[in-house]
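Enquirer: Hints given; two lone chains; assemble the complex.
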Amino acid sequence: MFKDKFTDERYQLTDEKTAIAIDVLRQRLNRQLQASLEACVRCGICAETCHYYVSDPKPEHVPAYRAEQLRKVYRKLYDATSRVIPTWTGAAELDQELVEQLVMTAYGSCTMCGRCVLNCPMGVDTRLIVRTARAMLAAMDMTPEGLKATVNVHLETGNNMGVTEEDYIETIKWMEEELQNELGDSSVVIPINKKRARVIYTFNPREVKYFPYLIQAAAKIYNAAGEDWTLSTESWDATNYGLFSGDDAAARRIAGNLEAAVNHLGADTLVMAECGHGYRSQRWEAENWLGHSYPFPVMSFVELQAQYIRDGRIKLDPTRNPKRVTYHDPCNQARSGGIIEEPRYILRHSVMDFVDMEPHGAENYCCGGGGGMLSMSEFARERKAAGKAKADQVLATGAEILATSCHNCLDQLDEVKRHYKLKVKVQNLSELVANAIIWPRPPESKQEEKDQQ
Amino acid sequence: MDSIVITRIIAIVGFVIGLLGILVRLRDIMNRPFKNDLARGRGSPLRGVLFAFTLGMAPWEKESTRIHWLAYLRGIFFHVGIFMAFGVLLASPWLSLLPDWLVWIATAVTGIGALFGFAGIFMRLAGPNERMLSLPDDYASVFLTSLFTALASATLIWSNLLPAFYVTAGVMMAYIPISKIRHCVYFFYSKFFFGFGFGRRGVIGQPNGEYAEQR
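Same order as they appear, the protein sequences are chains B and P. Under the working numbering, the first residue of the first sequence carries the number 92, and numbering increases by one thereafter. Under the working numbering, the first residue of the second sequence carries the number 740, and numbering increases by one thereafter.
The hints are simulated quantities; they were obtained by calculation from the structure and are not laboratory data. Please note that a few of the clues may not be correct.
As the list claims (entries may be wrong) - DSBU-like cross-link-like pairs, simulated, lysine-lysine; straight-line CA separation at most 30 angstroms:
(1) 475(B) - 774(P)
(2) 479(B) - 406(B)
(3) 475(B) - 508(B)
(4) 516(B) - 406(B)
(5) 167(B) - 774(P)
(6) 94(B) - 167(B)
To be verified - Below, a sample of chain P positions facing chain B; criterion: calculated Cβ distance under 10 angstroms:
(7) 747
(8) 795
(9) 869
Virtual Cβ for every residue (Gly too), placed ideally from N, Cα, C.
Okay, chain P solo, but in the shape it has when bound (with noise of 0.2 angstroms):
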């Protein structure tokens, strides 16, 4: 067998235990009881989830994300160097077949988005206060990711890199359950969570109300 081959096996095997620890984390976490309101609601449920999955993201919308607009910023474009690492993964036995612009683009969103991850690196060990709260395995977990995301990158140009993004692939997906990179699966949670609540409340999300100043 050559490389590519058992890298690839490599790469799935990493996938199915990634997969199958995150089934471990759903069921965990759904077998834990969902803490029912029974308070009246003032607001829309519906309306706090819809904002905290879409205006509630935008970069102005906080004054947290307002104030660190370039970690944020910086966030932002690594995730979406992931996502689209991924898309090169699952695309990777048929790249030669892409069309050279989509090859180009994707490069370069993994490319820029590799290299803010590894400037999460630096972030965490300049700022005193991300200094105190990291973690050994938050450092592990965006190296490991930035890796993943540059590999990616690098194989598009240079195809040789394949096996060794394959690896990097397969590890860093078997350490997504046991690791802090598994925010992937509650940030879905605690996202709907805060949007339920808040909305329910009346607080995010919501038309404004009768008591509103007329502009």
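Okay, chain B solo, but in the shape it has when bound (with noise of 0.2 angstroms):
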């Protein structure tokens, strides 16, 4: 199975990567990991917990399993015992086999969502010794081909997907422009570099190149709500693709970049597009990498939409949107953000008839496209297997439109929806959310104005 998806070199163990590896755990190795390591009884009531095993239930698949291979590890280096009777607790060497089996399991079969965290017993946080064991194979440069690229890209350009300056800034006037004629008002305005702006805003680079028209809907909320707000040209891509490579060094510098161009332009909050990774990184991750608190508060979009309508600064008609809408809730936001209650409240104020799929919230399952799976081509087909447990959700509430605000979500369920065949329509919540706006000067009302003039 490991040969067959991996034939590169540097999949090889050397003796030297092997010491690297064994040095990351080590430092690795704080109070929280150790507990988790040691805390597990082995019982396997986690088994259900993934959609992994849901959708294909074999013992592999259960999360327990998965950080049993790294315990093998740790077990060998830290407990006397096993260094005694290592088969008598389960202890092994970090050898070729166990190191094919860290990279199928840490990279292949866990997005790192964390339903089984949240429903462990013992509370062990499978998801921290997965990341454990990414962080080891990325030192010892085992990190799958197409996660490797991703997050090289974005060091080296900027965002993820090499997207030129010019690129981006043609793709932004081309949204201000759509946005001016879908409103028939030339004053609304997509702000570039503004100076001391209360709110900065970021993209996930594929709204740039693939999804603009998400562009123009989050630039109309931002106008409708009157907010002072801008972009930045010197670093605006929202994703961090360190987190899931396990790459901290990455995870730093692209969080830094991204923390240097808020500074720059003083603004005073960063508000994170409707990417559930990109969000979590910025939020709640990249602060512990950079080893110091922002001077800013980061939220995301979806907050942001929320104050707007608690607030009365955006009008909705939901009346607008009068189809079935159901919510994914993306991993990252909701049981690693807590932001769970955010979009049920936009959506009953911005559809006609929102239903609630099974488990919800803080128990979702897991799309499947998750811990930059959709990166690793490798894992292409388990990945589309593992997203059958959404697929039956999503179905059971007889939903037309399945929403959500992550454009990892938004790209497996898009794949989910093709593969189950789901007669679903996947959208972002900016995007429902802009076509209930009801503007606050209706563009008949301007053009009059004109015409007076």
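Expert: This is how it looks when you write it as structure tokens:
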């Protein structure tokens, strides 16, 4: 199985690589990690919490099994009993076979969604264990090619898709014109590099490259709310695949670039696009990677939209979204960030018929697109298979629109939709909100003003 | 020296070894760095910790324990039995002074606990997932702890089993720090970090927020 997917020589373990990996484990072994490595009793009741297991119930898909692959190494290094009688405690040296097993489990069959963590009676953080395994593999240069390339492109070009500044600005200007045409209002703008704005907004490069209408939607919401906002050309990519690859040094650099852009423009608040892992990276992990706290708060665009509605800054007409809508909680926003009530609040105000899937919120199933899975073509078949749990959930709601607030989820759900032949349209929250906005000054009144002049 | 005294010494030696081993384990984990979270909190970590150690342990609270309610309840009864067996061990020099009702309660709790403990071995063997996950140490640990609990129950009925209870207790306590039974120490850490982390992020144990649906 491993040999079919990974033929490159860099996946061959050497003594030097073993030493590097063990050093990474030693450096990362804090109280939180050690407690999770020690506390598991191997009861296996975490099995059904994993979307891989639900979609394909085999023992290798039990979260505890994945964590055991790293525990073998940990025990051999840190447990006296295991050093004397390794077979008694399931300890093992880090050898080629175990490394292959780690690649297949840590990268290939876990999205680090954290559902098993929430469901473990012992409080074991398997997500943390898997990310540690990924960090060890990344240090050995064993990150799958697509994921590695995504991180490298980000480091080299400033965004993970290599979008040039020229293309970026051109797309923004194009969307500004589109929005002006849509609203018949030439006063609406998408500010770039504005100093000391209240809000600085980021994008997922996929929006710039493939989904520019999402830029238009966001701009419409900001303009309707009368927000003092800006974009930056210095650093604007919300994503950070260092979170997925386990490469903290890369994650630190990427997060630092965004922090610098916010500081240079002197913005009050950094708002992350509807990008699950981007939000989690910048909101919850970045300051720990960087080793200092930000002078500004970080929030998700989902939270900001909810605030606008609550404060009456945008008015919505839900009848413009008459179809039944269900919502997929991105794991990195809901389970890892507590953004659970806000998207529902938004949907209750912007659509006519909102229905939750079961389970939802913190208990939601991962769509299968997390953990950098979409960039690892080696595991595409497994990723689609693991989406079955989500497909069944969506189907049960009878919804025609599947809303979410994450680009990886959006892409994966689109594939799940096609693979399982679901009759739903996958949309971002902001699209639905933008569609429901009652523009403060209707286009016709602007035209009338012009005519009178 | 009679057998009671000799075996009691064995139990005490086992206890001392176990305690020292646990202290070494505690020193080890406390010497590791605590990963301080520099991100601004969203919820109360204390509420999260409180939830993790109270309501969060209720069988209906987690999907996993709702699905595997039998396995979870088995574990609960088993552990209640173990705690009671430790109580029996502590009270063992004065068993004859205990009121009958207390003796019967302790006998029942430890007896049921032991039954559920032994059942755990069969459950590990019967389920494909559990079988694949289980290590020799798991079977040995569950067996030894179940035997300790069973002997606590039996000793309350047949006091001549007290030496066997002491020996088993000594061996089990000495085995704690070098076996899977040491999860009894790490449990408090992992549960604390679980509650602290998810509480801080506003995921568990928090009151309804301002955007919650009004019912």
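Enquirer: Next, verify each hint and record whether it holds.
Expert: Taking the hints in turn, this is what the structure says about them:
Straight-line distance between C-alpha atoms of residue 475(B) and residue 774(P) comes to about 35 angstroms, which puts the hinted pair past the 30 angstroms bound. Proximity of residue 479(B) to residue 406(B) is assessed by CA-CA distance (about 37 angstroms); at most 30 angstroms being required, the pair is judged violated. As the CA atoms of residue 475(B) and residue 508(B) are separated by approximately 10 angstroms, the hinted pair is consistent with the 30 angstroms bound. Taken as a hint, the residue 516(B) and residue 406(B) pair is honoured in the structure, with Cα atoms around 24 angstroms apart against an allowance of 30 angstroms.
Proposed proximity of residue 167(B) and residue 774(P) is supported: the alpha carbons are some 24 angstroms apart, at most 30 angstroms. Restraint check for residue 94(B) and residue 167(B): satisfied, since their Cα atoms lie roughly 26 angstroms apart, inside the 30 angstroms limit. At about 27 angstroms, the closest approach between the beta carbon of residue 747(P) and any beta carbon in chain B exceeds 10 angstroms, and the interface hint on this residue is violated. Proximity of residue 795(P) to chain B holds as hinted, the smallest CB-CB distance being about 9 angstroms (cut-off 10 angstroms).
Taken as an interface hint, residue 869(P) checks out: its beta carbon lies about 5 angstroms from the nearest beta carbon of chain B, inside 10 angstroms.
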